[in-house]
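A.B. asks: As a plain string of letters, each chain reads:
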Amino acid sequence: MSVVLILRKQEFKIEGTITVKEALKRLNLSPESHLVVRNGELLNENDVLRDGDVVKIVPSISGGGR
Amino acid sequence: MTSNVSMKCMKCNERAVIRMRQHRLALCKDHYIEWFVQQTQRFIEKYHMFTRDEKVLVAVSGGKDSLALWDVLWQLGYHAEGLYINLGIDEGLHYSNESERLAREFAEQRGLVLHVINVEQAHGETVPEIARRTRRGRDKPCAVCGLIKRHDMNQAALELGFNVLATAHNLDDEVAFLFGNVFHWNLEQMRRQAPILPESPGFARKVKPFCRFSERETAAYSLVRGIAYIEDECPFAEGSKQLLYKDLLNRLEEVEPGAKLRFYLGFIEARDSGQLVLPREEEVPLELHPCPRCGQPTTSPGLCAYCRLFERESLEASETQRPSG
Ligand code: SF4
Ligand SMILES: [Zn+2]
Ligand SMILES: [Zn+2]
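Protein chains in written order, with the working numbering: chain A, 29 to 94; chain B, 229 to 553.
If we strip away everything but chain B, and leave its shape as in the complex, we get (with noise of 0.2 Å):
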């Protein structure tokens, strides 16, 4: 006898693998699937991220998320291919030999085209030893992974001649963000926050599809797809800021739900109808210039950032004088 005739479909009385409180539904896998798709078609159409003529270049991890995104995009028809940047991350767990594979293994069964980078054969070194040598990431290889990861999809992007590029951020990401930056009051950073970036001369327009959708939801969507994604975590996100603020802000949902939402959307529409003000952009718009090195704009006068960290010769002079960020 099965056990598990409490909770059913709101859609068609079976029994629901997904109680989303925050949204008043249960749903059983095939309504779950089916309406997970539909909102984030919702999503794309109201934020203007993309149309069906357009290529999106989807940034996978051969995480659930990305995968996850990958899997929606193509089963809504869109012309999607996959990018995979191999960090070279091992710790003694394969971390990124383990998540290429699972990403190779995505692509090769639903014939989708994937491009893969490999930070090493690319540069010699990998995310965590360009971090020991650099003053950016001597704890933790964080700041230059994050570097060296947007100027690689960034790149990757415009060479490869898409013009969107679409990451798996999802609500829980966004609202651990957002907090974390109210929490420091951390301005600046919060002009930028939005589902969607335009693009700009020398960078490409960047959306974030999910990024209404709790971790919660884009898990089960991966589970109930049979997705099979990497479930270690990176060995380097242990212990992080974003992790604590996920949890503390999860068990803030639990007894109230939908704040996570509320939050969110409640930042967006408040600063993007002016009635949240932040400190404007400098009055002069920064200098843009192509690096000399990657082409990539930058504001430093010489190098930019991604660049930098590859000059070994002028590396003691600039580690001294140069703050980095």
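Same shape as in the complex, but just chain A (with noise of 0.2 Å):
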């Protein structure tokens, strides 16, 4: 078992009990422009995942013109 992430339609796999600050770190993605999302709840960067976990990583800054 290990804790999901999903990121737009791309999964991600970290092994073993995180905070959502790390499992972002890990990804290399930025805190401020990403948000985790469990079973519909919001989670704070201290927040742990653990395994069996599957969270949404949702990305908060978009693009285009304005």
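One should not assume that every hint holds.
Selected chain B positions facing chain A (in silico; Cβ < 7 Å) [stated by the list, open to error]:
(1) Ala244
(2) Asp400
(3) Ala447
(4) Leu471
(5) Glu482
Computed footprint of chain B on chain A; a stretch qualifies when at least three of its residues, placed anywhere within it, have a C-beta under 8 Å from a C-beta of chain B [as the list claims (entries may be wrong)]:
(6) 54-61
(7) 64-73
(8) 77-91
None of these hints come from the bench; they were simulated from the model. All C-beta atoms in this analysis are idealised placements derived from N, C-alpha and C, irrespective of residue type, glycine included.
Reconstruct the complex from the two isolated chains, following the hints.
C.D. replies: Next comes the structure, spelled out in structure tokens:
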């Protein structure tokens, strides 16, 4: 078992227990530009992800012309 | 057992859903919603954006920011109606139709009025098609798209009797735009960047109530409010400069919390107090006259830039002579 993180259509797996902040760091994603949601609940950066968790990473920045 | 006891709401001690380092604040879901709504009201008052007696037209794209803005104005009890412009962007994602569906659904759930403009129905062509046909947008439709959106929003506001047009530009949008303008020394553009642009003959007042919220904050609001928004990006946004700047600036924000807000507010303050002097507008005020076709004020001698997009007969000739822009 591991923590599964889904960003757009991509899946990432991380082994073991890890905080949201650490998980984003490992994936080289800025915590300023990404939010993490578990079962519809927004998580803060100190919340802990455990084996079996499936979380969604929501990119918070979007681009395009103004 | 829940694992998340570590970060608590500073108001009630429940689990925090967000920490905002730049404000030294962590809040639970309910207190975050309350804070976000109150802050919006504060910004509306601080910049004298509009009052409760005025009707506000909110430009909604179906994305998280604009639906959040409409939701907040609705909660605050403002008379806010929505305007959705279907640009006809598909690219295999049904991007426009899907975002229209979400905007309609949002309005229906709250009993709000949504006005819809469909570019293809109005002009017989989608935005990417118009762009491909004109010199302004051979590579990317964004310039044409921006021109059409600005024109149609203003036109709709005037025709529907709104003198206030609200867009959901957030701090990251504003800071990325400012950064790009400083980086390229585009001083002209820096003169007009502001939380509010007053109305003038033929132009509605433009306001940006979210200009001090980071995009992370607006996204968090939409998530905790359970707003269904379009998650896909416009396919043409990929690789845009704006995204690159936002990413860079967020890397900076990580090591220097509050950097974006200080950069933005520092600029507005320095300019408006006269410490930062930008080149003044032409001494002779540009002669504005109504476009013979659509009636909107324009500086160009004949049709406005928008109407020229649809001048098919003279297109070939004009394209070779007239510089775009
Ligand atoms: S990314 Fe470009 S084409 Fe897409 S909506 Fe924004 S301005 Fe229009
Ligand atoms: Zn609380
Ligand atoms: Zn015109």
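A.B. asks: Each hint needs a verdict: does it hold in this structure or not?
C.D. replies: Results for each hint:
1. For the restraint placing Ala244 of chain B at the interface with chain A, the shortest Cβ-Cβ distance is roughly 5 Å, inside the 7 Å limit, so the hint holds.
2. Against a cut-off of 7 Å between C-beta atoms, the interface hint on Asp400 of chain B holds, since the closest Cβ of chain A lies about 6 Å away.
3. The interface hint given for Ala447 of chain B is met, as the beta carbon of that residue sits about 4 Å from the closest beta carbon of chain A, less than 7 Å.
4. Interface hint at Leu471 of chain B: satisfied, since its Cβ lies 3 Å from the closest Cβ of chain A, which is below the 7 Å cut-off.
5. At a threshold of 7 Å, the smallest CB-CB gap from Glu482 of chain B to chain A is about 6 Å, leaving the interface hint in force.
6. Counting residues of the segment 54-61 of chain A whose C-beta sits closer than 8 Å to any C-beta of chain B gives 4, which meets the bar of three, so the coverage hint holds.
7. Counting residues of the segment 64-73 of chain A whose CB falls under 8 Å from any CB of chain B gives 7; the rule of at least 3 is met.
8. Only residues whose beta carbon comes within less than 8 Å of a beta carbon in chain B count, and the segment 77-91 of chain A has 6; three or more means the coverage holds.
Checked against the numbered hints given earlier, the structure satisfies every one of them.
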